[in-house]
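Those sequence lines, one after another, are chains F and B. Every number in this note's numbering is 982 more than the matching position in the first sequence, counting from 1. Every number in this note's numbering is 1275 more than the matching position in the second sequence, counting from 1.
Keep in mind the hints are simulated off the structure, nothing from the lab. There may be inaccurate statements among the hints.
Derived CB-CB ranges, DEER-like [claimed, not checked]:
1. ARG1410(B) to SER1423(F): 21 to 29 Å
2. ARG1447(F) to PRO1307(B): 17 to 25 Å
3. ASP1366(B) to ARG1765(F): 52 to 60 Å
4. ALA1323(B) to SER1423(F): 53 to 61 Å
5. GLY1359(B) to VAL1387(F): 48 to 56 Å
6. THR1351(B) to LEU1787(F): 55 to 63 Å
7. ARG1410(B) to PRO1327(F): 47 to 55 Å
8. VAL1387(F) to GLU1367(B): 29 to 37 Å
9. GLU1308(B) to SER1448(F): 48 to 56 Å
Every residue, glycine too, gets a C-beta built ideally from N, C-alpha and C.
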Amino acid sequence: MSRALALALRTLGREWRSGELGVLMLALTIAVAALTGVGFLVGRIGAAVDLQAAEVLAADIRLGSPQPIDDAYFEEAARRGIRSARTTNLLSVVFNGEESQLTNLRAVGEGYPLRGDVMIADEPFVPGRVAGGIPGRGEVWPDSKLLVSINAQVGSEISIGAATFRVTRVLISRPDQGGSFAELAPSLIMNREDVPATELIQPGSRVSHAALFAGDREKIDEFKAWLQENKKRGERILDIAQASPQIKNAVDRAGRFLSLASLVSVLLCSIAVAMSARRYVHRHLDSVALMKTLGATRSFTLGVSVLQLLLIAVIAAIIGSVIGYLAQEWLLRAIRSLLLRELPPADLRPLAVGFITSVALLAGFALPPLIQLSRVPTIRVLRRDIGPPPPFVMLAFGPAVLAVVFLVYWVVRDVYLFVVFTAGLAIFLALLAGAGALLVSVAGRLRGSVGVAWRYGVANLSRRRSESLVQIVAFGAGIMVLLLLGLVRNDLERDWRISLPDNLPNYFFINIPANERDTFMSELASRGAQPSRVLPMIRGRLVEINGARSDRLRFRTQDGEEFAGREQNLTWAAELGPDNRVVSGKWWTAEDAGKPLISVATEYQESMGLKLGDTLTFDIAGETITATIASFRKVKWDSFQPNFFIVFAPGVIDNTTGTYMTSVHFPGGEARSLATLARRFPSVSIFDIEDLLDRVRSVFDKAVLAVQSVFFFTLFAGLTVMMAAVQASRDERRYESAMLRTLGASRTTVLQGVLAEFVTLGTLSGVLAAMGASIGGYFIATRVLEMKYSFDPLVWIVGAGGGALLVAFSGWLATRSVINYPPVATLRAGS
Amino acid sequence: MSHQQTASAQAAPENLEVVLKVENLTKQVNSPEGLLTIVRDVSFEIAAGEPVAIVGASGAGKSTLLALLAGLDTPTSGKVWLAGTDLTSLDEDGRARLRAARVGFVFQAFHLVPALTALENVMLPLELAGRPDARRAARDALTRVGLRDRTGHYPRQLSGGEQQRVALARAFVTQPAVLFADEPTGNLDTVTGARIGELLFELNSTSRTTLVLVTHDNALAARCGRVLRMEAGGLVTGGLVR
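Model the full assembly from the supplied sequences, consistent with the hints where possible.
Right, dumping it as C-alpha cells:
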C-alpha cells in the first residue's frame, strides 16, 4: 500500500506537471467552488433574511403567558448562550390632567428589543430615529396617537395607575407592533422596573407577560425544541410563522429557491465530473495496460488510481472551497450597500458539502470506470482495439446515481422536493437519452445532403454515437437546470412584485361609528387618500357549533381553542372581495339575502375542524344568531385590505350595532393631516402599518436580491462547468483535426465542422432542456413554491438559441487550440 | 522437413539453461466467421541469452504468440514455462509479478506514458518493482541509449527514434531475463530502424538478456541466432540461420 501511495503521489505530481490532470481538476474545482460559493451565499443571505424577519417579533422566539414567566427559562437560555429579555403588557388608562385614553402599556426590560429597533422622535407623526435603549426609570415613550389624544407632548407629566411619569420621547414604531389588530389601543413603552409602582397588577387585571429569546440559528432551534417540551400550560410559543405570515411566506419561498440553486450546482457539478472522469479513464487505458505489462498487479494499479483520485478530490475540494468562499465574499461586498446591513458570518457547512461532494462525485463517477480500467487486458499493448471487458450496468451507473441522489438529498433535506426533483430528473434524463439516440441516427442519414463542413460535423455525431449521447444528456441536463432556475426566479419575483404594489394600504381605520362613516370617508378622500372597501365590524362570541357548546369542545390546535374562546370580529358583505377565493361551497346570490348563511376563512375552518353545512351560533350583543356555513374562502391576507374570518350574508346582522373599518393608502408626508383626523374623530383607531409594510418589503427585497445574486452566481458557475465538460472531448478531436488537415482540409473547414457538430448538439439539448424546464418549472411553481405558474415562451428561444450558442462557443474554445496544433506533432505523437 | 529435424531445430542449444519453453501452444478465438485458430500447436525452447526472431507474414500469429509467451494473454491449450515457472498455472496478478521480476518489453508503438518524461518512463518499471535507486538507474539507462540530455522531455517532444530509445532503456533497466520486442523498428524509417536495431543487439549482448523478437525486418531477424517462421498460426521452421 505504501508503495502504491508513493507511486500514486509521484505519478500524480508528474501528471499535474504534464497538464494531464488539468481538465479533471478544473472541472472538479469549479464544481466545488460553485457548490460551496452557492452554499455560503445561501447560508448567509438566508440568515440575514431570517434576522430581518425576526424583527417582527423583536426576537427569534417569543414565549407568551398570562402568568409571570419562570426564571428557569431565562437561566436555561443563558446556559445555552441565548440572549433574552422580558416584557409585560397591560391595558390601562393613561391620564394627562383631564384627558385620558385607554392605552396598551408595554413595560420592557433591559435588552429589548432583541431584534430590530425601537424608533423614537421628539414630536408625533414624524420619521423616527433608533432609540438604542429602553426608557429610564420614571420615563415613558407614548406613541403619536396617544400623545395627540391626551394632548400631551415631550416633557409632559402623565399618570398611569398610582405613579407619575415624564414623557421623554415619542414612540414612532417598535419592531413587534405586529400585523394583527389584537392591540387596537394606542401604546406606550415604559421601563419594566416601574410596573410595581403603578400598582396596576392586581388579581383579575388584563396582564400578559412575554419572554424574548434570540441567538444563533442552531442554538435557537434546539432551544425552541426544549421550550416546546418544557413549557407549561397556558404558555404559548410564537415564532415568525405566526407573527407575520406574509414574511414567513417570503422567507420560505426564498429558502426553497436557494435550495434549488444549490441543487442545480450539485447537478452541474455531477455533469462536469462525469464528463471529465470519462476522459480521465479513457486516457489512462493505455497507461494501466502498460503498467500491468510491466508487472503491476490489478490491485496495485487500482490502488494507485484510487489514491490518485482521492488526492485529486481533496486538492480540488480545498482549492474549490477557497475560490467559492472568495467568490461569494466578493459578491456580497459588491452588493453590501443593497443589503443595508452586515451579513452574519458564513458557517462552515458549505465546506463540508464541497468536500463530500468532491469525494462522492469522483467516487460515484470515476471509481466504476477505474475498476473497469484495472481489468484492461494487458494484451492492449499489442492490440489497441481491445478495451476493458464490458461493465455490469449496475456497477457502471449504480455508484454515480447513488452519489447524485445522496447529494441531492443532503442539500435539499426536504423529502417532497427531493422526490419531485429526482423523479423529474430521472424521467428527463431518460427522455434526453432517447431523443439523443434518435438525433444521432437521423444525423447519420442526413449527412449526404449537406455541405462538407456540416457533413463532417454531423457525421461525427453519429460516428461517435455513445459520446454524442453522453454529451446531449450532459448539455441538456445542464441547460435545463439553468433554465429552470431562471424560470422559477422570474415567477418568484413577479409574484412578489404583484403582492406588494406601491399603493398598498398603509393605514387601517377601525371603530368608525356608523353615523360618522360618510363624513369620515369624505374627509379621507379630501386628503388625497385612496380608500379600499369599507366593511362593517361587529363584535360577537362563538357559543355553539352544531348545537354543542363551543367551550366544552376540544379543538385540534391551539388556534382553535383561542378562536372558540375569544370575541370575534364579524362582518357581512354581498360581494366577494377580489382578494378572496371560494375554495368549497358557494358564495351567496341576491336571492340568499336574509338567509342565515356564513362564509368562513380556511384558517378558521382548519383550526376548528369545520365542514360545509355545519352551524355556528354567535352571541352578538346579547342576541344569539345561528348560521349555516355556505362556503369556505381562501383569503390573501397580504393584500392589506380589511378581511374577516367570518362573513355573514347580507340581511342577517345588518341592523346590529357595529362600527366600520377601512384601509387606505396615504401618500408619505401626511403626518399633520393624520393628527387632525385623530383629533376630529377621537373614537376612530388609527392603525399605522407603514412600518410593517416596510419590513415586509425589506424582507422581500432581500429575498429578491438573494435570489438574483445566487441565480447569476449559479449561472456563471454553470457556464464554466459546461465549458470544462466540453474540454473533455478535446483529445478525440485533436487526432481527427490533424488527419483532416493532413488530407487537405483548411482550418476553417475543420472549425466549421466542429461548430456544426456543437451547434446541432446545443440546439437539440436546448430544445429538450426548454421542454424539461417548462414542465419542471410548472411543478416547482405550483407544488413547491405554491404560486401561479405562467408559461413563458421565451424559455424555448433562450433554450434552443442559448444552448446552440453556449455549446458552440464552449466547443470552439475547447477545440481552438486543437485546430491550431500542428498536425505533424499530433500524428507523430500517435492517436 | 521431418518431425525429427523440426524438433531438433526448435530446441535450445545444448548445455544452456532453458529460459523459455513452449509446449503444444494453441490459441483460438471466437470470430464472426466462427472459431478461429490464431496459434496452432506450437512447441519450442529458448536458451538463456539466445536471441530468437519470430517472423512471418501479417496475420500469421506472431504478435499473439508473443503475447502468450509474455503472459499477456492466456492460451486455449498448451503450456509456457518462463524462467522455470509455468505461466499457465498463474493467475493474472501472478503473471504480472513474474513479468515485473523477469521480463522486459519493446513495442512497435513505443507505448511510453504520455504524461511522464523520458526519465519517469524509464523509472516506471523500477518503481513498480519497488527499487529505491530508480532515478539513478533510469538516468544510467538513458545515458546508455544516448539520451542523457533529453531526460526531462515528454514523449510528444521526442522523435520516433528517440521514443523507441527511451523504450529500450525502459526495457533493459530492470535487467530482465527475457526481453520481448514486437516489431521494434516497424514504426521507424530505415536509417533510424537500423540504428535502433543496432542498439537493441548491443544492449542485449552486454546485458546477456534473452531476446525474443517479432519482426518483418529481415536484416534484424538475420542478426538473431535463430529464426522461428510462422505461417497460419503454426511454426514452419526454426532452423538456424547462421
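Contradicted hints - numbers only: Checked against the structure, the hints that fail are numbers 1 and 9, while the rest are satisfied.
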